[in-house]
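Colleague: Both chains are sitting in their own frames, so use the hints and assemble them into the complex.
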Amino acid sequence: MKKLIFIVFIGTFSFLSLSSKETTAFESTYEPGNSGDILIENARILTGTGSEILSGSILISSNKIKAIGKTLDKPGSTQIIDANGKWVTPGIIDIHSHMGVYPAPGLRSSSDGNESTSPVTAHVWAEHSVWTQDPQMPLALKGGITTFHVLPGSANLIGGRGVTLKNIWSRTVQGMKFPGAPYTLKMACGENPKRVYGGRNSEPSTRMGNVAGYRKAWIRAQSYRNKLAEYESKSEEAKELEYAPTRDLELETLVGVLNGEILIQNHCYRGEEMAVMLDIAKEFNYKVTTFHHAVEAYKVADILAENGVCAAMWADWWGFKHEAFDMVWENAAIVDQANGGNGCAIIHSDSSVGIQRLNQEAAKAMAAGNRAGLDISPSRAIQWITLNPAKALGIAGKAGSLEVGKMADVVIWDGNPFSVYTKTEKVFVDGVLLYDKDNPLTPKATDFELGIINSEGDRL
Amino acid sequence: MNLNKKVFIGLLSLLISSFSLSEELLLKNAKIHTATDRGTIEKADILIRDGMIVRIGKNILSSRAVEEDLSGKVISPGLIAPQTQLGIVEIELIPETRDDRSDIYSAGLSIDSAFNPSSTLIPYNLTGGITLSLTSPSSSGLFSGLTSAFSLSGSLEESLISSNIALSANISGGEDSMAAKVMLLEDSLKLAALTDFGQSPFITRGEIQNARSKRNGVNYYEIYESSLPKEVSYSARDLIALKRVINKEIPLVVRANRASDILALIDFAKTNDINLIINGAEEGWRVSRQLAEAEIPVILQPIDNIPNSFNELGSRLDNASLLHKSGVKILIGSHETHNAYLSRQGAGIAVSYGLPWEEALKGLTKNIAEVFKIDKRGSIQPGYIADIVVWSGDPLEVTSFVEQVYLSGESVSTKNRSMRLKERYISQ
Chain A
1 MKKLIFIVFI
11 GTFSFLSLSS
21 KETTAFESTY
31 EPGNSGDILI
41 ENARILTGTG
51 SEILSGSILI
61 SSNKIKAIGK
71 TLDKPGSTQI
81 IDANGKWVTP
91 GIIDIHSHMG
101 VYPAPGLRSS
111 SDGNESTSPV
121 TAHVWAEHSV
131 WTQDPQMPLA
141 LKGGITTFHV
151 LPGSANLIGG
161 RGVTLKNIWS
171 RTVQGMKFPG
181 APYTLKMACG
191 ENPKRVYGGR
201 NSEPSTRMGN
211 VAGYRKAWIR
221 AQSYRNKLAE
231 YESKSEEAKE
241 LEYAPTRDLE
251 LETLVGVLNG
261 EILIQNHCYR
271 GEEMAVMLDI
281 AKEFNYKVTT
291 FHHAVEAYKV
301 ADILAENGVC
311 AAMWADWWGF
321 KHEAFDMVWE
331 NAAIVDQANG
341 GNGCAIIHSD
351 SSVGIQRLNQ
361 EAAKAMAAGN
371 RAGLDISPSR
381 AIQWITLNPA
391 KALGIAGKAG
401 SLEVGKMADV
411 VIWDGNPFSV
421 YTKTEKVFVD
431 GVLLYDKDNP
441 LTPKATDFEL
451 GIINSEGDRL
Chain Y
1001 MNLNKKVFIG
1011 LLSLLISSFS
1021 LSEELLLKNA
1031 KIHTATDRGT
1041 IEKADILIRD
1051 GMIVRIGKNI
1061 LSSRAVEEDL
1071 SGKVISPGLI
1081 APQTQLGIVE
1091 IELIPETRDD
1101 RSDIYSAGLS
1111 IDSAFNPSST
1121 LIPYNLTGGI
1131 TLSLTSPSSS
1141 GLFSGLTSAF
1151 SLSGSLEESL
1161 ISSNIALSAN
1171 ISGGEDSMAA
1181 KVMLLEDSLK
1191 LAALTDFGQS
1201 PFITRGEIQN
1211 ARSKRNGVNY
1221 YEIYESSLPK
1231 EVSYSARDLI
1241 ALKRVINKEI
1251 PLVVRANRAS
1261 DILALIDFAK
1271 TNDINLIING
1281 AEEGWRVSRQ
1291 LAEAEIPVIL
1301 QPIDNIPNSF
1311 NELGSRLDNA
1321 SLLHKSGVKI
1331 LIGSHETHNA
1341 YLSRQGAGIA
1351 VSYGLPWEEA
1361 LKGLTKNIAE
1371 VFKIDKRGSI
1381 QPGYIADIVV
1391 WSGDPLEVTS
1401 FVEQVYLSGE
1411 SVSTKNRSMR
1421 LKERYISQ
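Residue numbers (this note's numbering), protein chains in the order written: chain A, 1 to 460; chain Y, 1001 to 1428.
Looking at chain Y on its own, in the form it has when it is part of the complex (with noise of 0.2 angstroms):
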């Protein structure tokens, strides 16, 4: 082929696209657990455009989309995993395939340029139906830092969905106090109100200037010397963290597990006037009418009833249950990045232990997107992102397997590492 021929076979495949109609794709004859208000549809249809949902009914008809019967299949929006460390974490027990911790950041740590798409957990989850991961460090000091939502594609360029979305924080562990710790949350928190960064978290002694001229001579950054602990210290980038949670752009998701603790915490979410997040939450039922109250979400981790320590005795498997009976909206997560699919598993054994199996599923979905503020994710309804998994049987059961996953709307490889080392052995 000469050049001249490329050249125009490349112009007329450019105008072809350009000119053509957007892509359609229908899904047919499917049960469709849409964790939305409608419910579960049975045997019926999802007409996705451009990679958005348009339609979902019975028989619908389309002349020009190309269609799937999915007789005998159960469709689920895409499960979203609420806590995890998917693509910053490769084997737990090797540190240098790890990049959730940081001692020279805390709050400000964002882990986005370390998020590796071609991690093994990645396409290994998605084939568990994990279509989005919200990715959190782990350091373990008081604040871990910020969390990101990343696709499961495995797109090099596309993975970040939504950065920086919320803040992590622990109270326990460790020797000190809890009283302390919470204090310290406090201080932290108001120092970082006095604090005034813009958009860069450097500042220059013109801007100290600036700003004690502004503040009627009050130096903030003598305040911020002298109003914490001196163990303490904060950079910039932490202190903008602290303040897009005062700001109340961002939540603070604590880890915290016992009643008098989570009352603790209720109590300091409502002096800050802040968004919290409670994960954990073992013991959330003997204050789940508090919960409630304050508008509370928690994330569980379902399938965990061991009183692991003093502050989880009251560990009960009706805990999801119990709470979603108050009126507290629950996040289903699991405590293994490596397995965080089985998630499910856990909200398969809530709903055995009472929780109603649509909450389950909207707690594994629905919720952590409304919660976390992700646009147009987290159920299957108009206008929403085609991030669909096509399911054996029903998606909480432990037999059933995820068949096919589509991500706006196309068609993704399942395939993984493990499932080629099967290949290889299983005929043997």
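Just chain A, same shape as in the assembly (with noise of 0.2 angstroms):
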């Protein structure tokens, strides 16, 4: 009897941890240094929240944005740094990268970033692929990157969870993990699961193949979900007599989708399948967060914005695949204004070399929208890779613009960051600053990079 009262503690005890929204595992354990008092004054200050201030001042205090507008008052014990009229922006957030999951160099041995052995492995998480040393990481804060999006691979239908990282030197994946920030299923349209499987003579080999799956996968999921409730819906008495439902992490996680838990970033080019995976988010009652490589989004932006859907794009890339064929270079402008400009676009690299100049990228896209006549200035193209991003991540409340009692990630740039010759000068995260390009030890080296090249030299 002892023996079976035991063993219903630790059923029901695993059903509460499941239930109470916040897996306890893998927990963040970040926690900034003291990042002091910092005064950055006498700058440009694109704010992220869609205005500009010519020229403002920025106060930093214990980690977070404490004040900003024209002129602040100084306490006493205030780091002051003159921007000069420099540009300053929120950190840029990355919301597709695969650093740490395909680090460099790219080896098979580290190459972690896809479970590609079955159409759907909603049971895998990103996180546990991560390798902190990544040299790539480094490179990406240089560029302004403060916060990243790691996803798995798009070889599946549901590939699994991604996780948002501080992009910060940590031995853990959990001291790198942004607080708070909910988890995000991976899903993938169009080419790459049909390729993968159908190469394999095994089911999806076509488009159709890939909607059975995500609609057999969901079905599975709801009466994961009604086995839950009807549990749950239990006298204590009840439940004392019979096992709590075994516990599937691969259901788990689909549950977490359709509690409105976890947030889903959907890797779909074609503007057809866009719709379809509307529909099927319609069907199961759950909602579609991003569609990421949107290479065609500029097709369906209205259908994108009655759906308040975010589109990530590149600026640029296509001709890879079919799929990416019909690229436009006005694909964000065209996101960004549709139905009356209320689009929510989204510039992502997807590349260890696209993540350094986010801002680049931006600057392409909205260089190409102002030219054919979409008047994009540069305080709205810096959301696309600041608070859209954060938004779609649901960490805005966070992070991705200059406001108070945000974290303070913030980048002072060399000149107007929509141009091939600006660098960052400075970044800090939550207000401590990792990158200084006068401080040839930042940013800090992984533990790779030491002594490679030079082994009394600082980097490599």
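Simulated from the structure, these hints should not be mistaken for lab results. All of these numbers come straight from a predicted model, not from anything done at the bench. The hints are all genuine.
Reference excerpt, derived from the structure (chain A facing chain Y, CB under 8 angstroms, subset only):
1) L139
2) H322
3) K364
4) A367
5) R371
6) F418
In silico DSS-like links for lysine-lysine, alpha-carbon gap of 25 angstroms or less:
7) K437/A with K1325/Y
8) K423/A with K1325/Y
9) K216/A with K282/A
10) K1415/Y with K321/A
11) K1043/Y with K1073/Y
12) K437/A with K423/A
13) K227/A with K282/A
14) K437/A with K64/A
15) K1248/Y with K1373/Y
Backbone N, C-alpha and C define an ideal beta-carbon position, used for all residues, glycine too.
Modeller: Written as structure tokens, this is what we have:
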């Protein structure tokens, strides 16, 4: 009897942990160092909220933005940085990265980004593959990236959970996890799943096979959720007499989506497929947060805007696949301006080269829009790589813009960030200066880089 | 119109055209980046006659030229893409749209007959500012094949500018030791040196006999059979291509990044007395003095600073600048064929890391034409072909656009498929 009580206790405990929204394992242990008080003054500020302050100041205190405006009081012990009229933006956020899971050097031994062994692998989590010593991360920091979202690859219909990380040096992935960021779920449309599995003569081998695969997975998720709800609705006495349903890692994640706790990040190139995915979301009553690699988003920009779905796009990548054949340079601008300027456009990288200069990618897309008469201002375009990805990752309450109370993720640029010649001068993550162009010891080298080319040198 | 009238008008227009003065075009008031030692000239004019540049200077007058006022605009030579698959690849992941690989031929693969001037990538990259592509096959073996230069005019008859002007090779990748590949490079060239196919890739028994007697009984065909490792065989076409490298008619372009590999290749080029170009050279900055001394040019993709393999751990964004300072000739390209024109973004990044702007422009134009011996192209100077791009601003700046392109002095369409798609959807 004692044994039975024990087992019931364990069962109840595991169910409670599941239903308590946050899974207790793998929690963020990130804690920023002491930022002190820093006043950046005489800066041309793109706030990320859509406005620009021509000569303004930002006060950082205890890792947060304490004040922003034209002129600010200087508390006693404040360190003052004169930006000399240079541009300041929020820390850049890349919503599509594989840093850590496809690290450099690109070796098979650390190529851990895609569990491409089954079309639905909702049970895998990208964070369990992250190599924190990937030398691509400090390179991205130099490009102004303060937060990035790591996704599993796109071979699968449902590829697993993504994770949002702060771009800091850490020995553990938990030490990089963005505190309180919701989990995400990677899904993929189109060519990749059907090529990978069709190539093995298994399902899916067509786009209709893809869609059947998603729907079958959601049907299983609904039934699992019903099973959980049925158990939950029982009286305490009844619960003591039976085991809680066995945990199912795959379906837990899918139920998390149905419950609105896990955000769908959906790799999808074609307009038709985006429209179909939105109908699947309606059928099963969940929300698609973002379509990634949305090369054809411009064809369905109004539909995306009506449904409140973001499109994450490249400025100009095309032609590597058939579904990437219809690229237009104005894609982001058209998405942005849909339904009277109510679209949600994001520029993403999916590349360790591109992540180092999302500002230039946004610049290209902005310029293309302006040439087509769409009137995109720098204060608008900066949102494509700051506030909009923050919204799509569910962290806009904490990051993505320079607003009081938010994390002090701040970049000082040596010129107009929408130029090929502009580089970052200083990058703050939670108010801590992690890159300073005048300090060759920043960004902190990864373990991998130490002593490789020159054991006496600073980096490499 | 009756037939007689037609014939009469036809004859008349033939007469007029043959007696009329040559065509002149005068581009006025532009900021001109010449990519020569004259550098940049503010608010200047270019006079073009019969597709050739005649004069560059201030206030040029011509009584009969068609004038274009380009006030506020920027002119550069048409950009040249140094290593692409433009015209031989449509969609990367679809093999049946690719003509850039062969298992049958290696060094001797010439892609001229596969080049498709109507590929969608051609008007697209023309719109990006590229007027000439050095198109190369990309087979993964030791030798990829021969590079040819094509105009991006889209012309079915006249795209080929210069045929089989370089041979590409790879020494990285695969399971074999780098050393084995350098040895095979050397053995292959030595074998080719012994062959004598004349003009024909085919050899008859009689010719073998003939060669035997000429060479005092040495049968080079037998040497061929016994001199190479078992797995390696070359067709006559392959050997002819290799022989052109030995004879210094064409350069050998070898993809290499690691500093020690570059040194090994410099040594190899000296020993075998060939013209070498290094493609990649991500750790070139570590051996820049040796590259400069050996006068070996490098093709860089300066946007790429990722330590993608253990052969490029020393990759860095100021590589172009450091190499230039040491006196190495820099050619600037892109890893991407579809977006080959983004070499200009890489050039801009190299500038932000210390490469002088004028050198970056030469790296996209003049240096490529010089190194690959493409006559009368790559810079704006009298006597040169008028392949000219008009920009909205700084050609290296990401927010600048191509406004007009002249190929041999003719204004060409800068519309492409992507723009048609945009026009269809932007108004919806």
